[in-house]
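Peer 1: Single-letter residue listing:
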Amino acid sequence: MSSRVDVQNSAEEKLQTADRISQDLDRVTIRFAGDSGDGMQLTGMRFTESAAQIGNDLATFPDYPAEIRAPAGSLPGVSGFQIQFSTNEVYTPGDEPDVLVAMNPAALKSNLGDLPHGGTIMVNEDAFTTNYLRLAGYDENPLDDGSLNEWRLIRVPITRLTLAAVEEVGLKKSLAERCKNFFTLGLVFFLYQRDTDQTKKWIDNKFGFNLDVARANKLALQAGYNIADTLEVFQTLYRIPKAELSPGLYRGINGNLAVSLGLVAAARKAGLDLFYGSYPITPASEILHELSGMLSDGIKTFQAEDEIAAIGATIGAAFGGALAVTGTSGPGIALKSEAMGLATMVELPLVIINVQRGGPSTGLPTKTEQADLLQVLYGRNGESPIPVLAATTPADCFNMTYEASRLALKYMTPVVLLTDGYLANGTEPWRIPNEDELPEINIKYANSEDYQDRKFAPYERDENLSRPWAIPGTPGLEHRVGGLEKDLLMGRVSYDPDNHQQMVETRAAKIAGMAKDFPPLEVNGPDNADLLILGWGGTTGAITSAGEQLRAKGYSVANCTLRYLNPLPNDLCEVLERYKQVLIPELNLGQLKLLIRAHCLIDPIGLNKVTGKPIKIQEVVDKAITVVERPESVDEQETDKGAQP
Amino acid sequence: MTATQAVQKPELTRKDFVSDAEVRWCPGCGDFSILAQVQKCMPKIGVPRENIVFISGIGCSSRFPYYIDTYGFHSIHGRAMTLASGLKASRPELSVWVITGDGDGLSIGGNHFLHTLRRNMDINIIMFNNRIYGLTKGQYSPTSEQGKRTKSSPMGSISYPINPVRAAIASEATWVGRSVDIDTKHLSSMIMAMASHSGASFLEVYQDCKIFNAGAFSHLTDKTVRDDRLLYLEPDQPMLFGKEKQYAIDIKTHRPMILDMERSRMDSKDLMKYDASDPTLAYMISNLDYPKFPVPVGVFVDIERASYSDLLEGITNEAKEKAEGPDDLRTLLSGNNTWSIE
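Each protein sequence line maps, in turn, to chains D and Z. In terms of the working numbering, the first sequence is residues 1 to 645. In terms of the working numbering, the second sequence is residues 1001 to 1342.
Careful: at least some of the hints might be erroneous.
Claimed, not checked - Only pairs whose alpha carbons sit at most 30 angstroms apart, straight line, appear in this in silico DSS-like list of lysine-lysine: (1) Lys1185(Z) - Lys1245(Z); (2) Lys623(D) - Lys109(D); (3) Lys1273(Z) - Lys1292(Z); (4) Lys455(D) - Lys1292(Z); (5) Lys510(D) - Lys553(D); (6) Lys553(D) - Lys616(D); (7) Lys1044(Z) - Lys200(D); (8) Lys455(D) - Lys1322(Z); (9) Lys623(D) - Lys580(D); (10) Lys201(D) - Lys1320(Z); (11) Lys1137(Z) - Lys455(D); (12) Lys444(D) - Lys516(D); (13) Lys609(D) - Lys553(D); (14) Lys1245(Z) - Lys206(D); (15) Lys1269(Z) - Lys1040(Z); (16) Lys410(D) - Lys516(D); (17) Lys1137(Z) - Lys1223(Z); (18) Lys1137(Z) - Lys269(D); (19) Lys1320(Z) - Lys1273(Z); (20) Lys609(D) - Lys580(D); (21) Lys206(D) - Lys1322(Z); (22) Lys1292(Z) - Lys269(D); (23) Lys1252(Z) - Lys1210(Z); (24) Lys1185(Z) - Lys1273(Z); (25) Lys109(D) - Lys609(D); (26) Lys1269(Z) - Lys1245(Z); (27) Lys410(D) - Lys444(D); (28) Lys200(D) - Lys242(D); (29) Lys553(D) - Lys516(D); (30) Lys1322(Z) - Lys201(D).
Calculated from the structure, these hints are not laboratory results.
Whenever a hint applies, use it, and build me the whole structure from the sequences.
Peer 2: Structure follows, in structure tokens:
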């Protein structure tokens, strides 16, 4: 099934909008794909904004190459952006797209495999030139050879129509052609009956410095919208009514922005200055950018000369009394690990953000993975316990960053927060909290008045085994800290064997004791069942959806997510024992599985994926049904595919 | 006693800067002298004791913070300058000092040395240069002379050494000095000078390691030879040396040379005067080395340039002026693209 848009005849094909069929859908997944220079991330973000404004729930997944501009038209240069938007709650950007927008042959070739038969392909047929076909490895033009017959193909001469639409602005051709992403957005806006006004306002803001470019982009957007209106192939239009989200003020947020705002919120709530020391690294740099853009008396960033300097500066700022934070990805953690041990030894509050990416070594810088769990738990010399938290969704990065800061300050310890590339770049709507909704953060400073008649004891501990924070500038509390073992009260260098034993055990007990501060585990589904799907971090969305789907089909399945990985929650083993089997999907070769086996003496089943891609709902479902009994009620044919536009 | 006197804090002395920790350097180590001079200077730098912080890395010299009763941080190998930078960036009112060695500061910490200086981070760095790894029991260091026989270089080191002063000048340092552990008067004048400099200051101190590199500098610093073999740089003064100041360094055609004042019949007024505000001259002079020349000590570079703290304050004020809307948390969290759901 193929529809072709002809430039010349498009005007005659004009249909009355009233003649069209409007169909309501629960949810749709669109993937925009093109050259890394085609502006597909921007197109996706604008579509996301419009879906959010309408009130759809949504989740996005940008997927871009590590090269800034790989050769035009080549397979490695393809950049993609997937969005699922829905009238119901969504937990993931969708397993597979319903609609694929492909701006060139390479984008088609590298994404077609993900598009189920019957899905819609919208292509820029102007880009299917001999040269681009060759670069993508096509011998024949797939638009003409019938190889796309299993899909619904919409061919639009996007380049030519864009050039025609912006001709009146008089831009040079290369600039004019770059407007084709807005033209494409116009087409898609029409298909889903979205308003173009918001995007035009955005264009004015973004390109206000160059009025011609702003005008051309707006013309292209409107032309795309109008031309779609004239085309027969767009006979059915789709409406995705707004979701029921709790009332409040919302913004779109990705994981990196959520981390940044979580830090700002924690610093404000604690009454501290925020110091963020970092070294540029994908996919964490955006946190440095966001916070640098918020520079004020209370928010300072420091771009260090390397990863070690970044954490060193951060420890210095922590000694000085700031909410001190460093952010990086796995390779940066490797470099920071000696300093993380120092922070553990001197017991200063520190937040360490690890936006995980594919490893080992440089690995897959722009792809996602969860393979740094054991690294942050154990990748240091000596007994060096550090609490580890993990965020589960882009917006949850706010909550968990705030929580990491709260715990670091309360327990005087470095805390690691794990996010990943999938969370960092994925977007979802976020209800902006009021200040009074945020938990209190209390800090126990050591004050001069408390030590009028005795010497300050840097390692005198409170009921949480936490030591006092005496910051420079406080008269009378001058003291020394350092990486050498210290005597357990006064903090003098001590090589005493019994003292070392006691200090090692005390540091371990302090971290282990933090579990009393954690909320009880939340399990979705029955308290006792055949299977518990247990996850952590960015796989949570897929696991939650898989659990819901399986239960809807009558399977005896529950699901649960860990946000605290060190110490593990006190009720964890007790919860796990209530299920016959435990399945742990994770983007590594079984790191949480190893921990659970050691900690609870049970033998979970692993579902381990390390392709650099997020885990799919269907992959979790497929694995689950191989290990649980099939309920009698399940109809083999009945699958939950959502609606196809 | 008047009211004013009553609230005045008693003036501090060296004793107030002596901590209760037992000093564990080897007998005769040059570190003792440097510690004593720093402890003597601290009451005079005009900063309350609680606002002074000493930060060190790893090595013999890096035990220093334990022995001086201020805030202190004995960090990890090579990284003292990173901690100092973060502390100073977040607490500009503090007086931050880094104690490092030739291995700590130039080998494992070489990268931080370069960047701390070029940022003009307003901290004071004292590098104890003993040309050896002492705490690991005697391997050659980045400042060890070529051919030096040590446990790790039994055939003699084949590495060329680095000159800390030259490295500091090349790193765009705004204050660079050199002194000698046993010349206590000169050393304390250098410490006082660096304390008053705004921006990064770097002082190399020739320091004798009695155990693993004894006498490394005695051919220069022994009282009997010091006058002839050290050139004491004085700001805006001719570069004279010798017991009777009978010799001078002059530069003709980009080449320093030694003038015998008597034989050349030069008037010292006609000699080139040392100008610490000229890093190019400083670099040239820093190349003077024994035995061809006396080794210069004193202030090599002293230039005014906005420090990191000054610049950070500047852009922070600029950002505050540009900021729109109230500065409350909800505004910060909201950004400028929100929508409401009823």
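Peer 1: Against this structure, judge whether each hint is valid.
Peer 2: Structure-based check of each hint:
no. : hint                    : result
1   : Lys1185(Z) - Lys1245(Z) : holds, 19 angstroms
2   : Lys623(D) - Lys109(D)   : holds, 28 angstroms
3   : Lys1273(Z) - Lys1292(Z) : holds, 21 angstroms
4   : Lys455(D) - Lys1292(Z)  : violated, 55 angstroms
5   : Lys510(D) - Lys553(D)   : violated, 45 angstroms
6   : Lys553(D) - Lys616(D)   : holds, 18 angstroms
7   : Lys1044(Z) - Lys200(D)  : violated, 64 angstroms
8   : Lys455(D) - Lys1322(Z)  : violated, 47 angstroms
9   : Lys623(D) - Lys580(D)   : holds, 16 angstroms
10  : Lys201(D) - Lys1320(Z)  : holds, 26 angstroms
11  : Lys1137(Z) - Lys455(D)  : violated, 36 angstroms
12  : Lys444(D) - Lys516(D)   : holds, 19 angstroms
13  : Lys609(D) - Lys553(D)   : holds, 25 angstroms
14  : Lys1245(Z) - Lys206(D)  : violated, 69 angstroms
15  : Lys1269(Z) - Lys1040(Z) : violated, 36 angstroms
16  : Lys410(D) - Lys516(D)   : holds, 13 angstroms
17  : Lys1137(Z) - Lys1223(Z) : holds, 28 angstroms
18  : Lys1137(Z) - Lys269(D)  : violated, 50 angstroms
19  : Lys1320(Z) - Lys1273(Z) : violated, 46 angstroms
20  : Lys609(D) - Lys580(D)   : holds, 23 angstroms
21  : Lys206(D) - Lys1322(Z)  : holds, 18 angstroms
22  : Lys1292(Z) - Lys269(D)  : violated, 64 angstroms
23  : Lys1252(Z) - Lys1210(Z) : violated, 40 angstroms
24  : Lys1185(Z) - Lys1273(Z) : holds, 23 angstroms
25  : Lys109(D) - Lys609(D)   : holds, 23 angstroms
26  : Lys1269(Z) - Lys1245(Z) : holds, 14 angstroms
27  : Lys410(D) - Lys444(D)   : holds, 8 angstroms
28  : Lys200(D) - Lys242(D)   : holds, 22 angstroms
29  : Lys553(D) - Lys516(D)   : violated, 37 angstroms
30  : Lys1322(Z) - Lys201(D)  : holds, 22 angstroms
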